[in-house]
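Which chain is which? The protein sequence lines are A and B, in order. Taken in order, the first sequence gives residues 0 to 573; the numbers are from numbering that gives the first Met the number 0. Taken in order, the second sequence gives residues 0 to 327; the numbers are from numbering that gives the first Met the number 0.
Because the hints were derived from the structure by calculation, they are not lab data. All values reported here derive from a predicted model rather than from experimental measurement. It is possible that some hints are incorrect.
[Claimed, not checked] In silico DSS-like links for lysine-lysine, alpha-carbon gap of 27 Å or less:
no., chain 1, residue 1, chain 2, residue 2
1, A, Lys90, A, Lys42
2, A, Lys18, B, Lys223
3, B, Lys223, A, Lys67
4, B, Lys223, A, Lys104
5, A, Lys395, A, Lys374
6, A, Lys29, B, Lys6
7, B, Lys223, A, Lys96
8, A, Lys67, A, Lys90
[Claimed, not checked] If you want the footprint, here are the derived chain B segments under chain A, 3+ residues with CB under 8 Å:
no., segment
9, 224-233
10, 313-323
Yeah, the Cβ is synthetic: ideal placement off N, Cα and C, and Gly gets one too.
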Amino acid sequence: MSMNPNMSQDTILKVEGLKTYFPTRTGIFKAVDGVSFELKRGKTLCVVGESGSGKSVTARSILQIVDKPGRIEGGSVLLTRADGSVTDLAKLDPRGKDIRSVRGKEIAMIFQEPMSSLSPVHRIGTQIGEALRIHFGTPKKEQRERVLELLRQVEIPRPETAIDRYTFEFSGGMRQRVMIAMALACNPQVLIADEPTTALDVTTQAEILDLIKKLQQSHGMAVLFITHDMGVVAEIADEVLVMYRGKVMERGPVEQIFHAPEDDYTRRLIGSVVKLEKKAEVRLTRAAIPAEAAPLLDVKNLSLTFPSGLKAVDDVSLTVRSGETLGIVGESGSGKTTMGRCLLRIYDPQSGAIAYRRPDGSTIDLRTADRASLKDVRREVRMIFQDPVGSLSPRKNVGQIIAEPLKLAGMRGKDVEDRVAELMRQVGLDPGWRERYPHAFSGGQRQRIGIARAIAVKPRLIIADEATSALDVSLRSQMLDLMMSLQDQLGLSYVFISHDMSVIRYMCDRVAVMYRGRIVETGDTDQVVNHPQHDYTRALLSAIPHPDPRDRRIHKRFRYDPTVKPTGIVSANG
Amino acid sequence: MLRFILKRIVFAIPTLFAVSIIAFIIIQLPPGDYLTTLMADWASQGGAVEAGTVAAMRERYGLDQPIYFQYYKWIWGILTAGDFGISFELGKPVTELIWNRLGFSLLLSLLTLCFVWAIAIPIGILSAVRQYSISDYMATFLAFFFLAVPDFLMALSAMYVMSAWFGQSVGGLFSPEYVDAGWSFGKLVDFAEHVWLPVVVIGLGSLAALVRIMRANLLDELSKPYVTTARAKGMSELELLIRYPVRLALNPLISTLGWILPAVISGEIIVSVVMSLPTTGPLLLRALLAQDMYLAGSLILLISVLTIIGTLISDILLALTDPRIRFQ
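Isolated chain A, as found in the complex (with noise of 0.2 Å):
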């Protein structure tokens, strides 16, 4: 321990050259290759970087908790203490009492999946007060009512109740607010946040982000927060590290990240976000879609209830044209992929229409249909999932996945391998993949092959559930390209499921937004996400981070409440 006189009073945790090393089978990937940053008190460091760049294994590399066979092989960590000794981090005994000491006492770390990261058998309480335990042998009372005021402080209602309760008994948002009491308990000098809002919807994204930034100020903290989302980065950064590929591209101030890059990959990085934030240009020139056509799906009063009760989908209306792209936005639970499901029957729902008009200029009602003409529509009507890794069979070769819809319904030999190539080379992929099988693709080629299925029958209909979510931001946009430019070929038609206002925004022709089951308000994507009517599309549309840091504005957003005003009123000013 010494004292270092280069580093500034307001440094506390200094880190030079960071190498952390996997040794794999067929050589050593260097997961984090030579990062230094600086955190200081009361200010947030963003990491941003696109999945694999290494930027969780940094932050887990500092209080050494990367998983095996992961070792940190150079580099230090330096941690200012408030009595101004210093102490190497990275040479500590990954397993030592020193670093222990460290770990939850005067570094916290939250974690992005906020249920798998709490213990599911122990009530919060218990999980919350260990820490205490742990560092300052707090007795069981004084535990309980320190947790209690965590439990305050971090806005859980009731925390009397709360307390005794488990994980699953909690929401997303909420979890994530037990996560940060834990994080507090020993008022850290530095709080490590690894993507803690990733896996929440962004009206709870911005009650976290709130919710962390008013700790921040009122404890002093400095933060580490990493994620892949710009706008996040944008909202509450003060600094901002870009990492690609275990190495750092860009550090600065948040301001000259987003405005001034200097920075290839930064720049590539911010342009795709950007991207997103308008209509897709081939959409802005292509001619409008004649309202008054006959629609290819006419969905009216479709509900469907669970046998818990829940109605999933409620009274639910909607038209999808031929030839244009309806999107359904909204939160989690809203229940818009059982919606999607419902009309390709996949549940069953109990009351309303699924009007379908075929090639010949017949409607059917898919609701209603029988076994052997929903099999006919279901070739016209396809499907593609969230999950590029568990909606592909790991099975089965590239080949054989594209060429299944084309041998069920008949195709045989060579034309089927014509056929396959031919689809292939369409979303973007080389024919000569074929033999691979799908791990050995990246999630981006993964979910081309997904979309190369999907067609292969010539469909008219697409519903695409969550079809880039997993995707990193750059894949994103050339993805919804591809399905764009496959929707101008083909002639076929999008309904296009999503959370992502941005993504939306994009590709969408029309847009319907759902809440609890309804659909609260529907329209012409610009007018929606310019000139929202119901107060639901209002909150949602601003609880969105924005890419820009001069313009920061979710801590403004609106804030819907459906007990205090009834649904379906809209304010003057809306």
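Model the placement of chain B on the given structure of chain A, informed by the hints.
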């Protein structure tokens, strides 16, 4: 919680009823009945039996009545008077034969359970925490070795080794002088000296399964994010291991508890026969061979009842240890 238990008990009743019918049908499935077996025995000893005698005996045992009536008579006796009928072969009430042996069966099972858990859980934890290490391979090898050795062979070799090399009295649960003696301190010591051998022999066979279950469960849990969370709190590795992943990995093991009770009666028949243990296993085997209808039927019924009770107990235990089930 009380509702949960009551609901499970109510659901168990029709199952029990169905099981008793199936048990009875199974006993009637092989061709012939107790008397056919008896005749065959007599014939092999050179005795000739007149047809009239057989018919008379058949009438006396009630074997000439239709099956459903025999079932009704049997089940009615059990429900109203706890009367399980009479063993044809031994000429004694079934209850008298069973209860005596059931106690030893239960004791033996419980001791075996404790032995297996006490050994399997630490080995499972060690194998998981030190995955692919020498100790993991050793533990896995030994566990599979004992799984692969037939239990009668293990029983025979263990008995041979103990009696030939160490001069211990083996077989049974008591030395000859204590078998019919009343309980005393000396008898207890004698029991302890005898019981550990069957416990080890029976236990080693089922060790492998438990070690592997524990290892697999724990490996799943060790990579869960909540482990990292706890580590980030500054918890020591040992406390962390016991408090979080091991605690969660035990839950699936608790559901295996339900299988222990039925094994009380049916389990380890062969070991019991080889080691001549006074448990229900050998009794069941003999009853089935002799087509001793009421005795076999009663034992099978008891096995089924114990299966259901065992499942019920493990369900309740699981609900107690895992709040996710309790709150469903």
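Against the structure, the hints:
Note on A/Lys90 and A/Lys42: the hinted pairing holds, with a Cα-Cα distance of about 26 Å set against a maximum of 27 Å. A distance of roughly 25 Å separates the Cα atoms of A/Lys18 and B/Lys223; the hinted pair therefore holds under the 27 Å criterion. As the CA atoms of B/Lys223 and A/Lys67 are separated by approximately 13 Å, the hinted pair is consistent with the 27 Å bound. The suggested pairing of B/Lys223 with A/Lys104 holds, with an alpha-carbon distance near 22 Å, which does not exceed 27 Å.
Restraint check for A/Lys395 and A/Lys374: the C-alpha separation of about 23 Å stays at or below 27 Å, so the hint holds. As the CA atoms of A/Lys29 and B/Lys6 are separated by approximately 57 Å, the hinted pair breaks the 27 Å bound. A hinted pair counts as satisfied when its Cα atoms are at most 27 Å apart, and B/Lys223 with A/Lys96 qualifies at roughly 23 Å. Taking the CA atoms of A/Lys67 and A/Lys90, the gap is near 18 Å; set against the 27 Å cutoff, the hint holds.
Interface restraint, the segment 224-233 of chain B with chain A: holds (9 residues with C-beta to C-beta distance below 8 Å; minimum three). Evaluation of the coverage hint for the segment 313-323 of chain B: fulfilled, as 4 residues show C-beta separations to chain A shorter than 8 Å, against a requirement of three.
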